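K.L.:
Residues per chain are reported as follows:
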Amino acid sequence: MDIRRRNNVTVVGREDGPVLLLAHGFGCDQNMWRLVLPLLTDAYRVVLFDYVGSGRADSAAWDERRYGSLEGYARDVLDVVEELDLRDVVFVGHSVSAMVGVLAAAGAPHRIARLVMIAPSPRYVDEDGYRGGFSAEDIEELLESLESNYLGWSATMAPVIMGNAERPELGQELTASFCATDPDMARVFARTTFLSDSRNDLRTVTVPTLILECRQDLIAPREVGAYVRDAIPGSRLITLEATGHCPQLSAPQATAAAIAEFMGAV
Amino acid sequence: MMCRTDQVPEPGEGQDVDATDAVFTSLLEDSAEELYEEAPCGYVSTLMDGTIAKINATLLAWLGLERSEVVGRKRFADLLTVGGRLYHETHFAPMLQMQGAVSGIAMDIKTAAGRMPVLVTSKVKTTEEGEPLLIRTTVFDARDRRAYESELLRRRTVAEEARRQAEADRARLQEALAVLQQNLLPAELPTIPGLEAGSYYHTASPDLLGGDFYDLFPLETGRWAFFLGDVCGKGPQAAAVTSLTRYTLRAAALHNPDPVTVLTTLNTVLHERYTSGDPRYCTAIYGVLDLTGEHVGVHLASGGHPPALIQRTDGSADYLPTPGGMLIGVLPQAHFSATRTDLLPGETLLLYTDGLTEARTGPQRERYGDDALREFTAARPGHGPQALIAALTGLLASFGTGLDDDTALLALGVPAPLPTTVSES
Chain A
0 MDIRRRNNVT
10 VVGREDGPVL
20 LLAHGFGCDQ
30 NMWRLVLPLL
40 TDAYRVVLFD
50 YVGSGRADSA
60 AWDERRYGSL
70 EGYARDVLDV
80 VEELDLRDVV
90 FVGHSVSAMV
100 GVLAAAGAPH
110 RIARLVMIAP
120 SPRYVDEDGY
130 RGGFSAEDIE
140 ELLESLESNY
150 LGWSATMAPV
160 IMGNAERPEL
170 GQELTASFCA
180 TDPDMARVFA
190 RTTFLSDSRN
200 DLRTVTVPTL
210 ILECRQDLIA
220 PREVGAYVRD
230 AIPGSRLITL
240 EATGHCPQLS
250 APQATAAAIA
260 EFMGAV
Chain B
0 MMCRTDQVPE
10 PGEGQDVDAT
20 DAVFTSLLED
30 SAEELYEEAP
40 CGYVSTLMDG
50 TIAKINATLL
60 AWLGLERSEV
70 VGRKRFADLL
80 TVGGRLYHET
90 HFAPMLQMQG
100 AVSGIAMDIK
110 TAAGRMPVLV
120 TSKVKTTEEG
130 EPLLIRTTVF
140 DARDRRAYES
150 ELLRRRTVAE
160 EARRQAEADR
170 ARLQEALAVL
180 QQNLLPAELP
190 TIPGLEAGSY
200 YHTASPDLLG
210 GDFYDLFPLE
220 TGRWAFFLGD
230 VCGKGPQAAA
240 VTSLTRYTLR
250 AAALHNPDPV
260 TVLTTLNTVL
270 HERYTSGDPR
280 YCTAIYGVLD
290 LTGEHVGVHL
300 ASGGHPPALI
310 QRTDGSADYL
320 PTPGGMLIGV
330 LPQAHFSATR
340 TDLLPGETLL
350 LYTDGLTEAR
360 TGPQRERYGD
370 DALREFTAAR
380 PGHGPQALIA
390 ALTGLLASFG
400 TGLDDDTALL
410 ALGVPAPLPT
420 TVSES
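Taken in order, these protein sequences are the chains called A and B.
If you count by numbering that gives the first Met the number 0, then the first sequence holds residues 0 to 265, one letter each, in order.
If you count by numbering that gives the first Met the number 0, then the second sequence holds residues 0 to 424, one letter each, in order.
Just so you know, these hints were derived from the structure itself, not from any lab.
No experiment lies behind these values; they were computed from the predicted model shown.
A virtual CB, placed ideally from N, CA and C, is assigned to each residue, including glycine.
Some hints here could point you the wrong way.
[Stated by the list, open to error] Among the chain A residues that face chain B by a calculated CB cut under 8 Å, a handful are: (1) T40; (2) R55; (3) W61; (4) E140; (5) F261; (6) G263.
[Said to hold, decoys possible] Straight line, CA to CA, 20 Å or less: simulated EDC-like cross-link-like pairs of lysine to aspartate or glutamate: (7) B/K73 x A/E240; (8) B/K53 x B/D17; (9) B/K109 x A/E136; (10) B/K73 x B/D48; (11) B/K53 x B/E37; (12) B/K122 x B/D140; (13) B/K122 x A/E240; (14) B/K124 x B/E174; (15) B/K233 x B/D140; (16) B/K109 x A/E240.
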């Protein structure tokens, strides 16, 4: 199998630089890194990819069972790392990908040397004294909305929903827009993301880890950042002067600086 | 008509001008401020972090909130339902940051009464240097549209479920039919010392049981019975007759293997069974192979079936006529005629159903025909029954859509002696 094509792998930056593997989260694709990327390519060899089911990954490789668990996404990461024969990789995972990175690092400790977790959350649902920020009903509401396909999907997703074979102009519009996703695959990714519970996996992390959180993040609140730091021995938590869930977009300079400092510090 | 207020009215036009003036004046009173506040859509401007800086009265009315509760206190995402907020943070905000504008996204806002579906469009306002300043957002009422979309989605789900069900039903039916069809044919032909046999069955439609059948089975020592035939029609009724026919032939052959006797018994059974209302009949060749003599003796009878063909060793092929054989099961008394021949080493006896000879070929869609079959068979080297079946299978495949009926083939032959090595002079 052609992993480079399957996962739409892109390699840019300094050829002999340390390797950064940037992994996008639920909701978009490797375009998520476009603002921070130019700040990294001078010093690092940067590898980007799309998970199967997202962006321009090969949708023929989709398997609902595999991608119904975070291990399936971690397998994608390992496939890319092995295909490119990367070693001493610094895995930078956004949102759910931070947890995928934890699984991948446990699966290939000789290849993944460090983790950068951006806006991570090991568990979105509140339970038994843990506060993830959402009730089970909240998550159900999101999933139901996605299931019925009509929350926020009419405009961006309409071309996919309608099938663009007869209407190529819709397909062009789609390829021109970022974060285009097949709704059926996105639904599975959403369910996997928001119902996962990776709290126990955090304790398996043995590599140096940097956690980046935003001052205000509706998806991953501050308590969750502190929880992740406390669960990973020796990890470091930095709170960026940024709002929202995507500091690599809202504060690319600060995000790149934090990564660079971490790369130099360890 | 364009009117200027300072225009002196022409005599007789005064009233019209006054009326137009009144309309125009009321238009002027529609100030930009009021246009903003009372617009038929919601307006909201936020800082780059989403904090609401300005909001119009229409949107406040939808939300059921006072301006003082919102401005500087809430962020745009706070106005959304939880599902909308998650979507906003994972899709909307990133796209806005990357593209500077996002249009026509469907989300739900929280209202006093619950929720309200809206369509949201946002654009980032930048300084002259291109630095982002604030986000301008319009919010359109999408209640009717969303209800319509939901209905479309609901129908799509129902249609998909129906399609899945239909496909599952079809798969189940085909599996049942395949099992039944196998019951009408031997799973595999028996191995007979001194004889080679080959067969092929072409199913024209996976949805319909075919009416063709064949079999090869032992009688007493050194003697074997064979038959091949075709029940009129297709489907479950034909299959029921096929099953009856197959087991009647086998039972009759064990009782008395004489070909005419066996076909006469079958005629009686079929005629008795299907005479009322739904007449069913078949054509068949039934015969006995005698392997006890010097040559393989063939004794066969036909009831209305296309004649068997014998592939000779000298590159010729001959039909084995059985004149006067009647359809089986139509009349209470039927007459069948039998014939005998010997199969020499290297010769092959071919039985077939008319799917083969009735197939349509060529641009004129002409019937393939008996002569073409004889020539085809004669032109094949005498490599035995299985080689002939393989060649005919290829022929059937070459007919493509011209082959629209089930077709059964059964070939029986005596293997040629192994050629002894002869040094050529």
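K.L.:
Run every hint past the structure and note whether it holds.
P.N.:
Outcome of the hint check:
no.	hint	verdict
1	T40	violated, 18 Å
2	R55	violated, 16 Å
3	W61	violated, 18 Å
4	E140	holds, 4 Å
5	F261	violated, 23 Å
6	G263	violated, 28 Å
7	B/K73 x A/E240	holds, 19 Å
8	B/K53 x B/D17	violated, 39 Å
9	B/K109 x A/E136	holds, 16 Å
10	B/K73 x B/D48	holds, 11 Å
11	B/K53 x B/E37	holds, 14 Å
12	B/K122 x B/D140	holds, 18 Å
13	B/K122 x A/E240	violated, 23 Å
14	B/K124 x B/E174	violated, 64 Å
15	B/K233 x B/D140	violated, 60 Å
16	B/K109 x A/E240	violated, 28 Å
Comparing the model with each numbered hint stated earlier shows that hints 1, 2, 3, 5, 6, 8, 13, 14, 15, 16 do not hold.
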